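Asker: The chain contents come next:
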Amino acid sequence: MRQGPSWFNVTSLVLGFSFLYLPIVLLVIYSFNDSRLVTVWGGFSTRWYGTLLGNQQLLDAAWVTVRVAFASATIATVLGTLAALVLVRSGRFAGRSLFSGMVYAPLVMPEVILGLSLLLLFVAIDQARGFWTIMIAHTTFAMCYVAVVVQSRLAGFDRSLEEAAQDLGCPPARTFLSITLPIILPGVVAGWMLAFTLSLDDLVIASFTTGPEATTLPMKIYSQVRLGVTPEINAICTILVGVVTVVVVFTSLLTKRREVRRAQDMRQAEAQA
Amino acid sequence: MAKKPIGPVRRDFAPWDDPQAKPYIEFRNVTKTFGDFTAVDNLSLKIYEREFFALLGGSGCGKTTMMRMLAGFETPNAGEIFLDGQNLAGVPPYKRPVNMMFQSYALFPHMSVEANVAFGLKQEGMPKDQIAARVEEMLKLVKLQDFAKRKPHQLSGGQRQRVALARSLAKKPKVLLLDEPLGALDRKLREETQFELTDLQYELGMTFLIVTHDQEEAMTMADRIAVMDRGRIIQIATPAEIYELPNSRFVADFIGDINLMECKVAAKEGEICRMTSVEFGCEIEVAQPVEAGIGETVWFAIRPEKVRISFDEPESRVNAVTGEVWDIAYLGDVSIYHTHIANEQTVRATVANRSRVVERPVGWDDKVWLSWDADAGVVLTK
Amino acid sequence: MPEQVSTRPRRSLGGWLLIAVPYAWLLFFFLAPFFIVFKISLSEIAVAIPPYMPTFDPADGWNGLVELVGGLSFDNYVWLTQDDLYWKSYISSVSIAAISTLITLLVGFPIAYGMARAPKEWRTTLLMLVILPFWTSFLIRVYAWIGILKNEGLLNQFLLWLGLIDQPLTILNTNLAVYIGIVYSYLPFLVLPLYANLEKLDTSLLEAAADLGCPPWRSFWTITVPLAIPGVIAGCFLVFIPAVGEFVIPDLLGGSETLMIGKTLWMEFFTNRDWPVSSAVAVILLLILVVPIVLFQNQQQKAAERGL
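Protein chains in written order, with the numbering used here: chain H, 1 to 273; chain S, 1 to 382; chain U, 1 to 308.
The shape of chain H in the complex, shown without the other chains (with noise of 0.2 Å):
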């Protein structure tokens, strides 16, 4: 019944992608806007990547937020896979359902109350805010994220390779790193990168934690919109979203070769046999 795609279904992906994208190109076009008028469309120009280059304020912030992005994906991505394993294999133990809820729930708990809370927790055992306690906040909502990837990979992770290594003399914690984590790694990266993301968009959560010394990048960029779209906003947004765009598409278009590849192989494969 393979019909070609009907018109419905053309159209409703073609204004959905638009609606999706319109805004994002608009703003990259206009980033290379001459004019200080963001709206008016005054030439060619790349002056304003200049301008930012100039302003060491935001460079301090772009280096404090992927210092924090580093540091609280990879505890995170620690944390989660940990987690991961516990909710996927750990079978049932007391507080369990419990532990679940807690990995669940920061997924859909409004950032503000994350935020609130975790800066009462700080102010409570009277730590210094700045750096260590946005990493921490980070690495609490995004270990969750985490935990999810991670456990959609482990779920489909088949238990007899784990038996088969064992059954030929390995050791459980041997096994798990010459066998499980080397196969479960794809959705480990996949997590790591998603919470490094993560991080760097946050600005409910880091505005809650920081301390004087400490300033992120969407920190700064907020406070900017607050006055208003500049052009130099357009700019570094661009670059986030060029960096971004970047590194996800090369990372899926990689997956899909290896897709491809792997078919290609098992077609050869049975041919021959």
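In short, the hints are calculated from the structure, not lab data.
Model, not experiment: these values are computed from the prediction.
Treat the hints with care, as some may be off.
What the hints assert, rightly or not - Across the chosen pairs, the derived CB separations fall in these ranges:
| hint | chain 1 | residue 1 | chain 2 | residue 2 | range |
| --- | --- | --- | --- | --- | --- |
| 1 | U | L13 | H | R261 | 36 to 46 Å |
| 2 | H | T255 | U | T271 | 29 to 39 Å |
| 3 | U | T271 | H | F157 | 42 to 52 Å |
Idealized CB from N, CA, C, for every residue including glycine.
For chain H, the structure is supplied; the task is to place chains S and U on it using the hints.
Answerer: Okay, now just chains S and U, sitting in the frame of chain H:
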């Protein structure tokens, strides 16, 4: 009385008939439950060295649980398992001298064929050159020398099955466990592989334990078969005995096709036992000792291929019944005649199609006589 | 000889450690803070650091604790019912989130359906196109709309140029802009689970329906839609729950008359520096969201058990 050979196969290997023989694997009163479900129920079993042993049964009968307990993936709730005199309680799977070939093959997808086969040897800490030599030997054994560098996904189903076999044999385990080893192969390949496996087991002189739901597979390969149902073993015997002398209606029904008739014991004269079947309206005589008193209910079981079908009325009315042909299944090599006899009962008779042309073939609605020899059927009391 | 009688899998030390590490982290950094929020919501604002009282000093021991409990009160909650700013914020948050979720569903369903029915070789690419905006900054995507929606913005320029209007429309700083912002930002959250659901739909079911004499438009309603319900529910939760507490979108796109509780909480905290009242606001918000969150979790767990 000397034991008459059962079935067409003569075998010299029969340690289970020798009371002196020491079992190689022994399950002693093993029970395993999963929550409310009893997978294995107080089960005892002895398997001997160099034996090709099959656990046969439907899904959920406990056969896979038995194998997984031997491999160490499940812990029995009660009872003990011995291997070559050693109690396996508390021994983790990675320290047990058994290897398993998994139903899904469980080939490590991120490793080459070579690395898969070498994996177990590496765990032992075997020197590299010895590993290489052993891997080569194994790949030669399964005829995959040219595929050493391939990844599992670059192999066909049959090749993958052979890699899994090579990997589980590489460590020279005391017992090789095969979990539905041929389930994923197509019919033709499966038949070939059955013989390959039997030959391999004979050559290597190893003990094989196979779990399967496919009776043909078990009958072709195994020295002995244990038929399991709901966590219990119903019968342990050679394939021929299982087929010719089932010990219960369950086994008789599970293995192959069979006609079952409810009877009452009428008389016993020495070796001869006479019964009457009300449903079938006939007298049955068997030349076998029957463990039931006069008037007790028993079941007479007879395989369709042992029932003769003809137009002529036999001389004796004993072991004979008349009816009308209701349905004929023409299968090429044989035809199965479903004959309606008294009381809406059906008896199936299989006839080999020996020649292409038959002068007067039996057709639908023909009145026919069905008869059998006194030693063709078997009386079941369970 | 030891008889092993165990019904539960024996867990090794490593097994317990595996559970303990992420568990402890979440208990301390996710669950414990809620109790602190609750405690502070019962305190009074004070000109101090931290800006609330009473505070607990472990040095005071038991008496300190007694005094602390005695000093707590529900005054802040009473205050929330008295000032209509708060309950209006709650109601308008829920209604804005609900309306936006409905619009998101109406926009998202055709997209997910179109993706699931697209030729197989396109699907990965389409999927990537939906996920890509999700990876780019939320703030940037909201910001992009300011330039489009404002009075001298691109949308008004375009409509003026077409001659459809002769006065610029005021869209920015209205609730309409908030709807647009929420629909835009949360669209991928709805499309993804819905697509996953629709893609799994066996086309032979539709063929069977057609074979039994059911025209396509009816099999869409009797087969496709009912089977897509789990995806619809998951997607709607993923949009509705965070949207209720949304701050960035109402703050940047909404106007002064746009009341949303996230924004109210933010103002209370950062502008008025009233930590106890903002804590009370958070507690009530959490209570409102508890039911949908629990429903969402049950749904997720069920999905995880089915191996999605």
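Asker: Determine for every hint whether it applies to the structure shown.
Answerer: Structure-based check of each hint:
1. L13(U) / R261(H): 36 to 46 Å: For R261(H) against L13(U), whose Cβ atoms are near 42 Å apart, the range 36 to 46 Å holds.
2. T255(H) / T271(U): 29 to 39 Å: The hinted range 29 to 39 Å is violated for T255(H) and T271(U), with Cβ atoms some 46 Å apart.
3. T271(U) / F157(H): 42 to 52 Å: For F157(H) against T271(U), whose Cβ atoms are near 50 Å apart, the range 42 to 52 Å holds.
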